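Engineer: Letter by letter, the chains look like this.
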Amino acid sequence: MLNTILGTLSSGVAASTSSYESIATFNATGSETTFTFSSIPSTYQHLQLRALFQRTTSTQLDVGIRLNSDTGSNYSQHSLSGDGSAVAAAGAANNSYVAIGVGPGGGTGNYFGASIVDIHDYAVTTKNKTIRSFNGADTNNAGISAIRLLSGAWYNTSAVNAITIYTFGDAMNTGTTFALYGIKGA
Amino acid sequence: MPATYEKIATTTLGSAATTLDLTSIPATFTDLRLVVVGADNDSAGYNIRFQYNNDTGNNYSFTDLRGDGSSASSLRVNNDNYIFAGSMPADINVPFLATLDIFSYAGSTFKTALVESSTDKNGSGSTRRLVGLWRSTSAITSIKLISNGGTYKAGTIATLYGILKA
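One line per chain: the protein sequences are A and B, in this order. The numbers in our numbering rise by one with no breaks, and the one at position 120 of the first sequence is 120. The numbers in our numbering rise by one with no breaks, and the one at position 19 of the second sequence is 19.
No wet-lab data here; the hints were simulated from the structure. Do not rely on the hints blindly, as some may be mistaken.
What the hints assert, rightly or not - Okay, the calculated bits of chain A under chain B, using three or more residues with CB under 8 angstroms as the criterion:
#1 18-29
#2 78-84
#3 133-139
#4 144-150
#5 174-180
To be verified - 25 angstroms max Cα-Cα, derived DMTMM-like pairs, lysine to aspartate or glutamate:
#6 B/K153 - B/D21
#7 A/K184 - B/E116
#8 B/K144 - B/D42
#9 B/K144 - B/E6
#10 B/K7 - B/D21
#11 B/K144 - B/D21
#12 A/K184 - A/D118
#13 A/K184 - B/E6
#14 B/K7 - A/D118
Owing to the predicted nature of the structure, the values given are computational and were not obtained by experimental measurement. Glycine included, every Cβ here is placed at the ideal spot set by N, Cα and C.
Kindly generate the complete structure, drawing on both the sequences and the hints.
Structural biologist: Here it is in structure tokens:
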């Protein structure tokens with residue numbers, strides 16, 4: 001039986017025999033600059049976060065995650081990205097978050113960025129945590145258009161029980177959703 | 001109520017064809033995931049392309065990141081009439097893999113998809129990651145696999161999954 005209360009949202013989930021289960025979903029109302037999935041059960045093997053997002057302002061910046069409310073410099077990341085004309089590689093050590101995507105800014109109407117984030121072995125307490133993100137946004141030249149692959153790490157062996165999403169002070173626009181799923185092992 | 005991750009349909013080409021269609025897609029899920037494994041029946045390296053709802057207008061665009069074994073590049077195409085998903089290997093016996101993750105496919109905003117394309121031919125090939133956009137607020141009810149002139153080999157298979165959020 002799977003029943004979870006997560007953050008400021010609650011979603012009861014019926015018992016399921018599926019290997020891929022929905023844990024909870026956050027739907028932005030246009031005023032949130034952060035959201036936390038909390039009390040994540042340790043009953044899965046991996047977690048997947050699927051997101052569709054847009055920022056309220058015209059600034060197009062990263063969307064990031066932190067695990068277990070850790071705001072310390074305990075993360076690192078590497079990325080490979082393309083903007084339609086150039087390819088770039090970047091890295092950040094001793095970072096305070098892992099970037100999971102870039103959100104088109106407000107004023108770009110119906111254009112949203114998308115991201116698939118995988119956190120493998122999130123509840124295994126003998127490993128630091130690996131994060132993988134495939135994300136991108138295309139706006140047909142109305143705003144940002146970029147595709148990015150990113151790998152990140154959280155240098156902590158604790159089981160992940162919370163994921164905080166934040167946009168560095170810029171609110172998430174209505175239509176933004178983050179859906180958290182659990183993937184079972186054999 | 002559908003399961004969280006559920007197969008909607010599988011379509012397999014019984015003979016070589018220029019298109020492969022998935023139709024009557026229900027609006028009951030949140031996201032769609034399409035997995036295609038196939039080959040170029042003409043061994044010519046034709047493109048893998050997708051269209052939604054039989055829309056052949058210039059309502060698509062994409063931004064691409066590609067590596068071909070010797071260099072990396074990025075391309076953007078605006079106002080096109082398909083979502084590009086790479087090129088098939090120019091060999092009927094070498095398969096390609098393409099996946100399409102479409103977010104909020106039945107929602108009322110434009111449709112964003114993350115696309116992965118993988119082709120390798122032991123000395124040539126490429127891996128691509130793309131973000132594609134369909135500038136329509138309509139729910140996606142069909143997906144068509146097309147190319148730029150060639151045919152897909154018999155046995156090309158497309159499996160469509162629905163993913164449902166809480």
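Engineer: None of the hints should be skipped; say for each whether it holds.
Structural biologist: Quick rundown of the hints versus the structure:
| no. | hint | verdict |
| --- | --- | --- |
| 1 | 18-29 | holds (count 8) |
| 2 | 78-84 | holds (count 5) |
| 3 | 133-139 | holds (count 6) |
| 4 | 144-150 | holds (count 5) |
| 5 | 174-180 | holds (count 3) |
| 6 | B/K153 - B/D21 | 14 angstroms, holds |
| 7 | A/K184 - B/E116 | 24 angstroms, holds |
| 8 | B/K144 - B/D42 | 19 angstroms, holds |
| 9 | B/K144 - B/E6 | 20 angstroms, holds |
| 10 | B/K7 - B/D21 | 16 angstroms, holds |
| 11 | B/K144 - B/D21 | 5 angstroms, holds |
| 12 | A/K184 - A/D118 | 13 angstroms, holds |
| 13 | A/K184 - B/E6 | 15 angstroms, holds |
| 14 | B/K7 - A/D118 | 21 angstroms, holds |
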